[in-house]
Amino acid sequence: NAGVTQTPKFQVLKTGQSMTLQCAQDMNHNSMYWYRQDPGMGLRLIYYSASEGTTDKGEVPNGYNVSRLNKREFSLRLESAAPSQTSVYFCASSDAGLGKEKLFFGSGTQLSVL
Amino acid sequence: DAKTTQPNSMESNEEEPVHLPCNHSTISGTDYIHWYRQLPSQGPEYVIHGLTSNVNNRMASLAIAEDRKSSTLILHRATLRDAAVYYCILRPLGGKLIFGQGTELSVKP
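From first to last, the protein sequence lines are chains B and A.
Quick note: the first sequence uses the working numbering, first residue 1, plus one each step.
Quick note: the second sequence uses the working numbering, first residue 1, plus one each step.
Hints listed in this document are in silico derivations from the structure and should not be mistaken for laboratory results.
Where is the CB? At the ideal position from N, CA and C, for every residue including glycine.
Do not rely on the hints blindly, as some may be mistaken.
[To be verified] When the alpha-carbon atoms are kept at most 30 Å apart in a straight line, the in silico DSSO-like pairs for lysine-lysine are as follows: (1) A:Lys69 <-> B:Lys57; (2) B:Lys9 <-> B:Lys57; (3) A:Lys3 <-> B:Lys102; (4) B:Lys9 <-> B:Lys71; (5) A:Lys3 <-> B:Lys100; (6) B:Lys102 <-> B:Lys57; (7) A:Lys69 <-> A:Lys3; (8) B:Lys102 <-> B:Lys9; (9) B:Lys71 <-> B:Lys100; (10) A:Lys69 <-> B:Lys9; (11) B:Lys57 <-> A:Lys108; (12) B:Lys14 <-> B:Lys57; (13) B:Lys100 <-> B:Lys57; (14) A:Lys69 <-> B:Lys14; (15) B:Lys57 <-> B:Lys71; (16) B:Lys102 <-> B:Lys71.
[Unchecked claim] Now the stretches of chain A that chain B is said to cover, found in silico as 3 or more residues with beta-carbon under 8 Å: (17) 5-19; (18) 27-33; (19) 85-93; (20) 96-108.
[Stated by the list, open to error] Chain A is nowhere near these chain B residues, computed Cβ spacing over 12 Å in every case: (21) Thr7; (22) Lys14; (23) Ala24; (24) Gln37; (25) Leu43; (26) Asn62; (27) Arg68; (28) Glu73; (29) Glu79; (30) Ala82; (31) Gln85; (32) Phe90; (33) Ser107; (34) Gln110; (35) Val113.
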């Protein structure tokens with residue numbers, strides 16, 4: 001029962017470096033999401049993908065790009081990392097958005113940008 | 001997106017019931033009410049959801065006001081493992097989950 005798998009679990013970057021956070025789900029879900037969580041705060045939606053081939057901006061999309069590679073995988077890319085992007089990143093998936101579907105979350109990626 | 005309002009923190013004693021309130025006065029007719037919780041150093045996990053009627057599952061109960069402008073998550077017997085941040089979220093049709101600040105629940109032995 002893998003569920004939602006995120007890699008890596010930890011990452012340290014220098015300002016200006018780029019990296020891609022990977023997320024894969026094995027539940028055949030249509031929708032996938034990327035959230036960030038700063039210390040002592042709730043989760044904020046970065047991007048989401050309602051279905052394969054579509055992506056939409058969330059609350060805080062600036063500085064990020066996403067790719068819905070296929071139904072299973074949804075990656076988040078930081079092209080030029082900034083200290084303000086230091087956060088814990090969570091990927092989630094759910095069935096198509098009729099409103100009642102549960103979201104399943106990965107265990108998170110802790111990213112530090114120096 | 002409709003917003004929710006929750007107390008920042010609440011305390012409970014172990015093995016006593018806990019009532020976590022949530023106000024959502026701008027809820028629309030098609031918004032589902034979801035509750036998630038986040039244990040320390042973990043991703044959020046689903047607790048319960050409902051639309052109009054009260055709901056029960058093995059984790060909790062959800063009581064929804066008749067006008068749907070508020071709801072209450074009920075943990076029937078709090079345990080130390082229930083200490084977490086509890087998020088009340090409105091999810092519209094075809095919509096995304098937008099988290100608020102949540103309520104930090106502490107449970108005293």
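Requested in this report: Starting from the hint list further up, note which numbers the structure goes against and sort them upward.
Outcome: Per hint list: 10, 11, 14, 17, 24, 25, 32, 33, 34 violated.
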